[in-house]
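Number of protein chains: 2
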Amino acid sequence: MARAISLIEDETPGAAALIRDIFPHTGRTYLIGVTGPPGAGKSTLVDRLIAESRKAGDTLGVIAVDPTSPFTGGAILGDRVRMQAHAQDADVFIRSMATRGHMGGLARATSDAALVLDAAGKSVVIIETVGVGQDEVDIVRTADVSIVVLVPGTGDDVQALKAGIMEIADIFVVNKSDRDGADRMVTSIESNLALQIFAEGEWRPPILKTEATTGVGVPELWDTIRRFRAHSEGARERRLRARNEYRLRDLLTHRFMEHIEKEMLGPVEFEKLLTRIAAREIDPYTAASDILSKVMARKS
Amino acid sequence: MARAISLIEDETPGAAALIRDIFPHTGRTYLIGVTGPPGAGKSTLVDRLIAESRKAGDTLGVIAVDPTSPFTGGAILGDRVRMQAHAQDADVFIRSMATRGHMGGLARATSDAALVLDAAGKSVVIIETVGVGQDEVDIVRTADVSIVVLVPGTGDDVQALKAGIMEIADIFVVNKSDRDGADRMVTSIESNLALQIFAEGEWRPPILKTEATTGVGVPELWDTIRRFRAHSEGARERRLRARNEYRLRDLLTHRFMEHIEKEMLGPVEFEKLLTRIAAREIDPYTAASDILSKVMARKS
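Taken in sequence, the protein lines are chains A and B. Residues in the first sequence are numbered consecutively from 0, following numbering that gives the first Met the number 0. Residues in the second sequence are numbered consecutively from 0, following numbering that gives the first Met the number 0.
Hint data in this document are derived by calculation from the structure and do not stem from the laboratory. There's no promise every hint is true.
Copies of the same chain are indistinguishable here, so a pair counts whether it falls within one copy or spans any two.
[As the list claims (entries may be wrong)] Taking lysine to any residue and the SDA-like style, the derived pairs with C-alpha atoms no more than 20 Å apart in a straight line are:
hint, residue 1, residue 2
1, Lys54, His85
2, Lys261, Ser292
3, Lys293, Met256
4, Lys271, Leu247
5, Lys271, Ala234
6, Lys271, Arg240
7, Lys54, Gly214
8, Lys54, Arg228
9, Lys208, Ala278
10, Lys208, Ile167
11, Lys293, Leu264
12, Lys271, Phe22
13, Lys261, Glu232
14, Lys271, Glu244
15, Lys293, Glu257
Let the sequences and hints guide you as you build the complete structure.
Okay, structure coming up:
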């Protein structure tokens, strides 16, 4: 698993062949996405979920997503240190991931890594993403269950709710709920939910309070995940489809750009075009149209 | 300006024509990017920077970027309310932006909106992004100066530093610096910076403490921005080029996907392909290769 994921991270040509080979053997893992702002205590919570999941007899894969930092040369070790409790457990595979800053590269590598763990027979895969950006949201949105972890005490609940992660939650967790403002945060989420209309029988995202460091509220969270899983069994195919669609779109655009830069224009021509844009001889829209019409013109 | 930005937000065909027309008149604005995690007090800080900038005789455009929330139907009004102090000032144009969740759409719309304000003669444009995702980082990274706002008291400094925004900062701001943990946060950033080697004469990102609500530290921040501007005059062309490159890549991939979905395959064929992937008859890599080879095969 570790070697396969390294192939993927390094974007080696072998990675595509690998995914091709394992793809027919995927689709059985239950994918849990955990996201939220930095400092929400996601890693500690994931650590607790691993324990619950093991108790239930699952085998686990965990992918912790860290944007590259040149200060650390990759993923910060914090998560791993925290999850060391499970380091000796052969049925728990934990991996931190980082990219080299390529647009969309992180989401691509993460979903491919999840496929590896899926094919390897892990019954549950947890993806933990820090941050609230589009990429991170896309990773978690297409999971089988999306858990949004918030934390009280940032002093500005509205700011936290602005993060664009409200709409993807199947389950809300207010972690560090022993802190001041936990109830206020619950009320904020609640009043946002109150603006939505839920059909009869539709899942209404519950709001749970946890203290990941002590474990308070974690069994209830695990139970809620199980309830959501049972409730959404019929909708699973749709999530899987969204995941595949995201992957297909990402692969298409990535490979298209590679084609343009490495084959069609080449790096020199691409740079020349940028110089012309810089000199304002041509605008980016016209430049894009020119390149595209070259690709399309060749079709006849 | 408002109408032009609405054209861009709605992704109307007129938007491309508009950018084409105004592009030769752009490149004069000084673009200030402000980012950081939710709750860091960015909007209040931007509000203070507006005041400093006005004192210095600038005319201003401000773009506050909010990911769409279905709860609010778009941008939350908080920022606007906060910035109301400048609402009567004809030389300050403030706009909140939201997208409909399209991948990359937000970054595209934001840079186009900045071009509009640039062409309209605003001498300074401030882009404030919430969040720490790739899109948000890309928006701010290519600004003329990138300001990363952090906040003490999230209880876990390592988490905050994980956000992938450390590397893009020209200036660090520890806001709400009257709070416990402000000095610890400064030390954390400082020890991260200590790992980097700065050449003689190279800009070393300073760390400033501010209290945006009272204005403490804001004049010093403004002064630092001016110093950075003077220091980096020679490197401006490189930033502008990175901005254009980002824009060109984004336009190319966006239009390529439109071509595939609307013309080459059409929505029905695209859906059929997704169904085949869901049935695991074909893997996403092979599907992507098939589509791309169709595009490429047509060239001969």
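The hints, checked one at a time:
1. For the identical chains of this complex, Lys54 and His85 are intra-copy neighbours only, at 12 Å inside a copy versus 57 Å across copies, given an alpha-carbon limit of 20 Å.
2. Within a single copy, Lys261 and Ser292 get their C-alpha atoms as close as 18 Å, and across copies as close as 15 Å, so both meet the 20 Å cut-off.
3. When the C-alpha separation of Lys293 and Met256 is checked against a cutoff of 20 Å, the pair qualifies both within a copy, at 14 Å, and between copies, at 16 Å.
4. In this homomeric assembly, Lys271 and Leu247 come within 20 Å of each other (Cα to Cα) only across copies, at 13 Å, whereas the closest approach inside a single copy is 31 Å.
5. Taking the shortest alpha-carbon separations for Lys271 and Ala234, only the inter-copy value of 19 Å comes in at or below 20 Å, while the best intra-copy value is 49 Å.
6. In the homo-oligomer, the alpha carbons of Lys271 and Arg240 lie at most 20 Å apart only across protomers (11 Å), although the nearest pairing inside one protomer, at 40 Å, exceeds that limit.
7. In this assembly of identical chains, Lys54 and Gly214 lie within 20 Å of each other by CA distance solely inside one copy; the values are 14 Å within and 52 Å between copies.
8. In this assembly of identical chains, the alpha carbons of Lys54 and Arg228 lie at most 20 Å apart only when taken from the same copy (17 Å versus 57 Å across copies).
9. In the homo-oligomer, the alpha carbons of Lys208 and Ala278 never lie at most 20 Å apart, since the shortest distance is 56 Å inside one protomer and 39 Å across protomers.
10. Taking the shortest alpha-carbon separations for Lys208 and Ile167, only the intra-copy value of 18 Å comes in at or below 20 Å, while the best inter-copy value is 34 Å.
11. When the C-alpha separation of Lys293 and Leu264 is checked against a cutoff of 20 Å, the pair qualifies both within a copy, at 10 Å, and between copies, at 19 Å.
12. For the homomeric pair Lys271 and Phe22, the shortest alpha-carbon distance between copies (18 Å) is at most 20 Å, but the shortest distance inside one copy (40 Å) is not.
13. For a Cα distance limit of 20 Å, the shortest separation of Lys261 from Glu232 qualifies neither inside one copy, at 44 Å, nor across copies, at 32 Å.
14. Taking CA atoms no more than 20 Å apart as the test, Lys271 paired with Glu244 passes between copies only; the shortest distance there is 11 Å, against 34 Å inside one copy.
15. For the homomeric pair Lys293 and Glu257, the shortest alpha-carbon distances inside one copy (15 Å) and between copies (16 Å) are both at most 20 Å.
Figure legend: structure checked against the earlier numbered hints; hints not met, in rising order: 9 and 13.
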